[in-house]
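So you can see what is in the structure, the chains are spelled out below.
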Amino acid sequence: MAGTSLSMKDIENSSIRDVFGRALVSIGERVPEVVLLGADAIGSTRGALFAKQFPERTFNFGIAEQEMVAAAAGFATCGKIPIATAYAFLLSMRACEQVRTDICYPNLNVKLMATHAGISMATGGTTHHATEDIAIMRSFANLTIIVPADALETVKAVEVAVEHSGPVYLRMGRGEIPNVHSRDYEFVIGRSTCMRAGGDVSVIACGTMVAEAIAAADSLEKEGIDARVVNMHTIKPLDQEAVIAAALETGAIVTAEEHNIVGGLGEAVAGVVSEHAPAPVIRVGVRDCYCGIGPEDGLRRKLGLTSESIVSAAKRAMSLKSSRNR
Amino acid sequence: MGRAVLKTPEELAARARDIRKHVIKMVGAASSGHPGGSLSAADIVTVLYFNEMNIRPEDPGWPRRDRFVLSKGHAAPVLYAALAEAGYFPVDDLLTLRRIDSHLQGHPSMRSTPGVEMSTGSLGQGLSAACGMAIAAKLDGASRRVYVMLGDGELEEGQIWEAVMTAAHRKLDNLTAFVDSNRLQIDGTVAEVKSMGRIGEKFAAFGWHVIEIDGHDIPAIMAALAEARRTQGQPTVVVAHTVKGKGVSFMENRVEWHGTAPKPDQVQAALAELDAPLKGGDA
Chain R
4 MAGTSLSMKD IENSSIRDVF GRALVSIGER VPEVVLLGAD AIGSTRGALF AKQFPERTFN
64 FGIAEQEMVA AAAGFATCGK IPIATAYAFL LSMRACEQVR TDICYPNLNV KLMATHAGIS
124 MATGGTTHHA TEDIAIMRSF ANLTIIVPAD ALETVKAVEV AVEHSGPVYL RMGRGEIPNV
184 HSRDYEFVIG RSTCMRAGGD VSVIACGTMV AEAIAAADSL EKEGIDARVV NMHTIKPLDQ
244 EAVIAAALET GAIVTAEEHN IVGGLGEAVA GVVSEHAPAP VIRVGVRDCY CGIGPEDGLR
304 RKLGLTSESI VSAAKRAMSL KSSRNR
Chain V
594 MGRAVLKTPE ELAARARDIR KHVIKMVGAA SSGHPGGSLS AADIVTVLYF NEMNIRPEDP
654 GWPRRDRFVL SKGHAAPVLY AALAEAGYFP VDDLLTLRRI DSHLQGHPSM RSTPGVEMST
714 GSLGQGLSAA CGMAIAAKLD GASRRVYVML GDGELEEGQI WEAVMTAAHR KLDNLTAFVD
774 SNRLQIDGTV AEVKSMGRIG EKFAAFGWHV IEIDGHDIPA IMAALAEARR TQGQPTVVVA
834 HTVKGKGVSF MENRVEWHGT APKPDQVQAA LAELDAPLKG GDA
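Chains as they are written, first to last, in the working numbering: chain R, 4 to 329; chain V, 594 to 876.
Derived from the structure by calculation, the hints contain no laboratory data.
Just so you know, even glycine gets a beta-carbon here, dropped at the ideal spot from N, CA and C.
One thing to keep in mind: the hints can contain errors.
According to the in silico footprint, chain R covers these stretches of chain V (three or more CB under 8 Å from chain R) [as the list claims (entries may be wrong)]: (1) 671–677; (2) 700–711; (3) 730–740.
Below, in silico cross-link-like pairs of lysine-lysine (DSS-like), each with a Cα-Cα straight-line distance of 27 Å or less [stated by the list, open to error]: (4) Lys55(R) / Lys731(V); (5) Lys318(R) / Lys305(R); (6) Lys787(V) / Lys55(R); (7) Lys618(V) / Lys856(V); (8) Lys12(R) / Lys55(R); (9) Lys764(V) / Lys614(V).
Please build the complete structure, drawing on both the sequences and the hints.
Below you can see the structure in the form of structure tokens.
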């Protein structure tokens, strides 16, 4: 954990957005060029800690995400490293064209850090969900997309995103999710993490669904099925080697994401598999619908964003593999 | 260091005429592009690049340089002409406008063309980027200034007003915006499409220092810039009343020359008119 003043205890006992807030302070201490931009959600995106520590480097644009993103481009041309924060639905959709034209097209060193992604604003309803952002962001050349799976990975991703030269979209939920990484975990952009070895089927997951994938692998193990679990924390550039290896070595793939199955991680994986090592790919995710309103747990069950869905998808992928091999 | 500064209105008027000729030649050679809004902005762009701004064309990345953002990016030809005349790249490049491997794209690209400070062309966004630049300058305690060129039709984009609020809120007195008010947009007059009313009063209501000028009166442009530099605690907007197609009589005030290139005979006619002796006090 070079360069961060966060203790492991801090990280292990905190929600993603609380850890994110402290990671911002840590990177602000280390990198003087970092400035924080917000759009009247500096408090709920947990930028308030940074704002308190570095008031002169914090800029609230009010409720104006499009302007904030375009202004971030201006900051970047002057040698600053702007971290533009907002809820994921606003950063990816309200400011969508600004992200493409002002940040990605000129390849500017802006860090877009989106909170409250997926259905984490559960009871807030569909207006505040973001199940489309990965699909949108994936289509922008030059952009790196990172979806951390737990608090530790969030801290590391913030640091690595700032050290990386070029635009980054960092996608976070807001809640407490189980830690899936150990303390000595090394985070490298574009290099996925094998959470569990296995030869019968591969589950390639990102974000909150990594913990579900591990739980699914536990269940499958009890039935004698040996599932590989890959944390695909970087959606772009995708770790093609790991995807091809999963296809060749296990012959059956399940993807899992808190996002529409249209345009997300699943389609990214399926694209690589179909071009390089054809094998069945079953996508677990939001099935091209708006998610409605409800408490997060209930909504997850209703939408099938669960380990149980991954288990049944894994069995389906394996049966497709065996029917093909007959 | 830097490009030769032109001090007198007469020298600047002559340079503006050269820039207008480049605009006609390059858009004619490309058979595509936006002559009308380039010609309306030519005098202001000339004063900025050859009198006002602190720049080093031989070192486009010089950190202390002033910044110019052409928010109305479709006027790229006038920017390219000024950059070439200032020495950022060879004047001969201008005739490659819009060709497949040219660095001079239809709308400015900061990664392609030396001297272009922001990739623009999608209207409404340049002022926001300029605010980012102006805030960054203040953060650095630097004296560099930021200039933006907006179109009057462009003011219909809501994001303009987000940035107008920020510039006033943050007291960005290092920021000067021009509104090239040529009163025309693609679908007709601005008054017909979405009437703006009094532009200056709108900016004033948001807390900007407002100066209204004839945007082809070079001494007035110079005086407005001097006044903007003297203005403290608030950004300045120069509402410049201009003529779309200025300097080429058959293009003046005609909306069809917004995005239409002149044919070879029209190029010759336009150049002949621009080459006619400058009239004293022409405005």
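For each hint, the structure was consulted:
no., hint, in the structure
1, 671–677, "violated (count 0)"
2, 700–711, "holds (count 5)"
3, 730–740, "holds (count 3)"
4, Lys55(R) / Lys731(V), "holds, 20 Å"
5, Lys318(R) / Lys305(R), "holds, 20 Å"
6, Lys787(V) / Lys55(R), "violated, 43 Å"
7, Lys618(V) / Lys856(V), "holds, 10 Å"
8, Lys12(R) / Lys55(R), "holds, 22 Å"
9, Lys764(V) / Lys614(V), "violated, 38 Å"
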